[in-house]
Amino acid sequence: MLLPDAPPAPHDLRAPVLAWFSEHARDLPWRAADRTPWGVLVSEVMLQQTPVVRVEPAWRAWMQRWPGPAELAEASTADVLRAWDRLGYPRRALRLQECARTVVERHGGVLPSTEAELLALPGVGAYTAAAVLAFAYGRRSVVLDTNVRRVLARTVAGEALPAPTQTAAETRLAAGYVPDDDATAARWAAASMELGALVCTARAPRCDACPVRDRCRWLAAGRPGDVHAHRRRTQAWAGTDRQVRGRVMALLREALGPVPAAAVDAVWQDAGQLARCVDGLVADGLVERVPAASVDDPPTYRLPG
DNA sequence: AAGGCGGGGAT
DNA sequence: ATCCCAGCCTT
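UniProt numbering numbers the first residue of the first sequence as 1 and each following residue consecutively.
Check before you lean on any hint, since a few could be wrong.
Label-pair ranges, simulated between beta-carbon atoms [to be verified]: (1) Asp208 / Thr114: 36 to 44 Å; (2) Thr165 / Cys207: 25 to 33 Å; (3) His11 / Thr171: 36 to 44 Å; (4) Ala261 / Ser76: 17 to 25 Å; (5) Ala75 / Asp284: 24 to 32 Å; (6) Ala236 / Ala283: 19 to 27 Å; (7) Arg91 / Thr146: 45 to 53 Å; (8) Thr184 / Arg82: 37 to 45 Å; (9) Pro299 / Pro224: 38 to 46 Å; (10) Glu117 / Pro291: 50 to 58 Å; (11) Cys207 / Pro299: 53 to 61 Å.
Simulated from the structure, these hints should not be mistaken for lab results.
C-beta atoms are modelled at their ideal positions from N, C-alpha and C, and glycine is treated no differently.
Using the sequences and the hints, build the whole thing.
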């Protein structure tokens, strides 16, 4: 077999991936025919750094409880944070509710459908705006997530993994592979993401099952190692502020009422670090500090709203 | 451009 | 133990 030494032409990459997608697309609820634009946005926010398998049940419960922005806007923030449960990065839940309130107040309860308006919403960045345009409104957009970045890094650039931080050149390259018409562009977005999620995975790619294995520059080069490895730093977990914040949030989520300061103090040994983290959570709007009745008594803590 | 920000399942 | 996950926001 003749292996490629030049980037594949857009159509040569797209056509096999689109055909593969028509057979292997997962049956996800936010792709169902009865989906709403708001439901698509909720799924995208939940999927920001949280895997599909964990999002799916949470999304179903969430949409059952708060079907649209109007319902979420009216909810108690404490309920929102409890429903977010352990999806991680609870600031996303806060922003999602802020987003709902913005949609209600500024857009009459209808999720906007232009890129600029979407980008102006809390918690909506370049990826999420593009994804909503494609998946909710069927519009052409450059959807460049971790999956698509990896697919293009391998097939087009011949590298094992994309660079740690996304570059403008990468966006331009991705734009060159997006089909011209709205419907096909939206389908390409879903298909290229799905390929990255199911076949062209970060850990153990299934190149033997890949629809573009005969056009992939990375495979042709013998699957060389990650040239960016020396620049990647893995985020530590044990002992970090993120772990401490997570403990505090878990305690408050499970509590029925206000939690005494002593109970909060019990979740972490290092009092200084704990105090700093609690202050941070209060500053972020994730936690409320309730002063005690007497100035000599310690305060209590609870979820806001 | 870099660093902070959760949490769990897989290796 | 480390890696990875449909990123966003601030500095």
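These are the hints, each one checked on the structure:
1. Asp208 / Thr114: 36 to 44 Å: holds, 42 Å
2. Thr165 / Cys207: 25 to 33 Å: The hint (25 to 33 Å, Cβ to Cβ) holds, given that Thr165 and Cys207 are roughly 26 Å apart.
3. His11 / Thr171: 36 to 44 Å: Given range 36 to 44 Å: violated, Cβ gap about 20 Å.
4. Ala261 / Ser76: 17 to 25 Å: holds, 23 Å
5. Ala75 / Asp284: 24 to 32 Å: violated, 18 Å
6. Ala236 / Ala283: 19 to 27 Å: Since the Cβ atoms of Ala236 and Ala283 sit about 23 Å apart, the hinted range of 19 to 27 Å holds.
7. Arg91 / Thr146: 45 to 53 Å: violated, 19 Å
8. Thr184 / Arg82: 37 to 45 Å: At roughly 41 Å between Cβ atoms, Arg82 and Thr184 fall inside 37 to 45 Å, so the hint holds.
9. Pro299 / Pro224: 38 to 46 Å: With a Cβ separation near 57 Å, Pro299 and Pro224 fall outside 38 to 46 Å, so the hint is violated.
10. Glu117 / Pro291: 50 to 58 Å: violated, 40 Å
11. Cys207 / Pro299: 53 to 61 Å: Given a distance of about 57 Å, which is inside 53 to 61 Å, the answer is holds.
In the structure shown, a violation is registered for the earlier hints numbered 3, 5, 7, 9 and 10, in ascending order.
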